[in-house]
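Q: This is what each chain is made of:
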Amino acid sequence: MTTPLLQVRALTVEFGTPRGVARVLTGVDLDVDRGEVVGLVGESGCGKSVTALAILRLLRPPGRITGGSVAFDGRELTTLPESEMRRVRGRGIAMIFQAPRESLNPVLSVGAQLGLLLARHDGLGGRAATRRALQLCEMVELPDPERVLRAYPHELSGGMCQRAMIALALACRPALLVADEATTALDVTVQLQILLLLRRLRDSLGLALLLITHNLGVVAEACRRVAVMYAGEIVETAPADELFAAPRHPYTRRLLAARPRIGAAPAGDPIPGSVPDPLNRPTGCAFHPRCHRAQSRCAEQHPEPAVPSAGRAVRCHYPEP
Amino acid sequence: MRTADAATSAGLAMTLVLVLVALLAPWLAPYDPYATDPGRALRPPSAAHPFGTGVFGEDLFSRVLWGARLDLLIAAGAVGIALVLGGALGAVAGFAGGLADEALMRAMDVLQAFPNFILALGIAAALGPSLPNLVVAIALTNVPVYARLMRSQVLTQRVAPYALAAVGVGNPMVRVLFVHLLPNTWSPILVQATLQSGWAILQAAGLSFIGLGVRVPTPEWGVMIGMGVQQVTAGQWWVAFFPGLAIMWAVIGLNLLGDGLQDWLDPKRR
Amino acid sequence: MTGFALRRLLVLPVVLLGVSVVTFALTRIIPGDPTDRLVGSAFLTEERRAEIRREYGLDRPYPAQFAAYLAGLGRGDLGTSFLTSRPVAADLRQRFPATLELTAAAMVFAVVVAIPLGVGSAVWKGSWLDHLGRVLAVLGVSMPVFWSGLLLLYLFFFWWQWAPPPIGRLEPALLTPPVVTGLLTVDAVLAGDGAVLWGALRSLALPALALGLAAMAPLARMARAAMLEALGSEYVRAARAFGLPERTVVVRHALRTSLLPVVTMIAVVFGYQLGGVVLVEAVFAWPGLGQYAYNAVANADYPAVQGFILYATTMYVGLFLAVDLLYAVLDPRARAT
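Chains Z, C and V, in that order, give the protein sequences. Counting in this note's numbering, the first sequence runs from 1 upward without gaps. Counting in this note's numbering, the second sequence runs from 322 upward without gaps. Counting in this note's numbering, the third sequence runs from 592 upward without gaps.
Calculated directly from the structure, the hints in this document are not laboratory data. Treat each hint with caution, since some may be false.
Take a look, some chain V residues computed to stay more than 12 Å from chain C by CB distance [stated by the list, open to error]:
id, residue
1, Phe634
2, Asp668
3, Ala681
4, Ala696
5, Pro735
6, Arg838
7, Pro878
8, Ala913
9, Arg924
10, Arg926
Sample of chain V residues at the chain Z side, in silico, Cβ under 7 Å [unchecked claim]:
id, residue
11, Tyr826
12, Phe833
13, Gly834
14, Leu835
15, Thr848
16, Pro852
17, Pro923
C-beta atoms are modelled at their ideal positions from N, C-alpha and C, and glycine is treated no differently.
Only chain Z is shown next, with the shape it has when bound in the complex (with noise of 0.2 Å):
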């Protein structure tokens, strides 16, 4: 089995607060292999966008990576120095976040923006970077090229923005694409056209992607592989077919099953209590206080992740069979 492209290790960040340190990551892993597409699910708060923020390290004070790996193509990203990182990042490892309109500077043209990218990791300048920008346009499915690239984002809709934001995305030429909540914003239907293009993304170019998201449908429409997210850590990984076919973690289930369904009646209660505070976390397992397998153990011992079968690993003691 060859080397994932992306693997991260008992990655820990703390953020430094005027009431004391918050553990937001308590140790997360995550595999990403080439292209493949990953999605990261969990609920707000949970530590998702901070993982990301902190695997490409644009984590602002007072939030500071403590501990764990991140390699990436073999390099270890956690040490490198900075004018090495921002080799990486574009180049390596490509973002693109929830708003696109406000991730575009508004007073300068989509083609002048993509002009800097081009001129920084292609060396491109000019009618080239003119004709690559074009075709990065077509790539992305984006109608009328051309005045596109003449455009400033408040002329654009959310769709093309985001659009406009993938094919900068992809000027810097990324083995990884990690999307940040990408398609939130934007209209359901949007949504979907978006997804679909990403998928054809990998497919034409292997790029890998890993999407992070509340949206179980995401998950479900685009994903390969899911890690499941609660309070810092990952709790659950597993091909996508099987975790939504046969949930392992008690949280995922819950997840799953409060999903509203047309025409069945609401699963049962909502899941009870609330997300932990990162500063105030309980013992143990971080998901004992509102589990209903819990036992005292769970107080206890703080979970490692067990592997039930071939790539799947769950993070709890007593998980559904």
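Got chain Z sorted already, so can you dock chains C and V onto it with the hints?
A: Structure of chains C and V alone, referenced to chain Z:
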């Protein structure tokens, strides 16, 4: 302590000192600010006269202390009048809407078309140099800010769900807004008032310096600087120096306090 | 774009009309007999006073006076100064270059110092540069401009004896070069006269510095605030995420968006200068419009005061119009209105 907090605390402290000096000037000042003593004219700072003496032998320290009283009074008066008048106009504009609103806002536009100091200069020149006229002149130049602030508040609150609900059950809109509007508007208005008080002091000093405000020999900081102009080229720097320092103290204190209030009252709390 | 510009131009006359109404009203509400304010009024007989009133049109009802006044404005006639007995418009024209030179020098100084200071403050937030910049800004905003002028005068004229005495644009020993632009520095360069150029610069230095310090402070603050906002924005985060070097991010992204509020601030600051020159020119006996206004105020020369207010306000309004139009060039979002 974060720099921002340190700055705000400094501003608060400086403003408090200013207010205390203004209140206690009659007791703090060693000499009568109008007392002259030609034999002791233009003496440099010393133990007896910490800020030196002026052209007529007057004690400059006492005059600067009394100046705090006058300048603070002018600033408070001007800002207070501007607040009340501007607030009233803005509220009327917001309520009435339509033609009255348009007319009032165009009038505010015209007032704001003048550079601030120039307008004050014009009004002060028209009314004649005196203390009340100075206060009125500065007040009028500050009216538009409060008018716009109040108007935008009224317009937003008018259609707020709670207002519509209250009106829906029979409360007169005027009463609803009065009871709820004021609690919501006081914070931006307080910030504006604090910041503008500093500006008002600068304007008062400037106008008095050119003879349009209070006149010689009233102990006002701008007037006092004016009295020291000739002396500077002769080397007697203290006559003009200390009043200016006092102005800086007051304006810095008020600005730091105002900035701090703004950060503190801003819901984003950055 | 044309629609935007057109609309702004249409509002302009309305505002200017309002301004002239206010200015006119200001001078007419002055209590007392206007003829009392003329030089030598004590010696005027009642007949002569009535004559003068007719001459100046002061015996007619206010609306008629205003109409005459507006008609005069249309011709470029701003009335006649009580003090100099010359047309106010001519007085203003004559003194304009001196003030232009002073204000231009002050603004150049302010912009050249404030922008790098403010930007540096933001980029290296928390550094000594940031602290220095913020301290300077606070000082500049709170110093009365006439006081800092006096302070500079004391230091550079009395103490270090470097600056010439504050009696105008040029020391008496030096001859004014042939007038081409009216700006001494430019005319000296054109005439190839190094001594006069140096003399003019020396005389210009202190008043320009006083005005410039006052102008620099709000500009530096705005530059800092705008840069901080830009540097914390989503698009800067995205640019960094794409691996752009920090220099490119700061210059091509953050600086570009910060330009807009800074440009507006330059206009606002210029507005302060319009009033500030009155104070600074008084201190340095600079023969410009500010001194003219100062003399007019001191001598109750109301047509002159009125003329000065109109000139200053028209410049101010025109400046903001120019900024609005400039915005349309700089900010693509503005063109969409």
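Q: Next step is simple, just say for each hint if it's right about the structure.
A: Status of the hints after comparison with the structure:
1. Phe634: 23 Å, holds
2. Asp668: 20 Å, holds
3. Ala681: 21 Å, holds
4. Ala696: 19 Å, holds
5. Pro735: 5 Å, violated
6. Arg838: 26 Å, holds
7. Pro878: Correct as stated: the minimum Cβ-Cβ distance to chain C is 16 Å, above 12 Å.
8. Ala913: Since the minimum Cβ distance to chain C is about 14 Å, V/Ala913 lies beyond 12 Å and the statement holds.
9. Arg924: Per Cβ check, V/Arg924 is outside 12 Å of chain C; nearest 21 Å; holds.
10. Arg926: 23 Å, holds
11. Tyr826: 4 Å, holds
12. Phe833: 4 Å, holds
13. Gly834: Holds: closest Cβ of chain Z sits about 3 Å from V/Gly834, inside 7 Å.
14. Leu835: 6 Å, holds
15. Thr848: Holds, about 5 Å.
16. Pro852: 12 Å, violated
17. Pro923: 4 Å, holds
Consistency with the previously given hints fails for numbers 5 and 16, ordered from lowest to highest.
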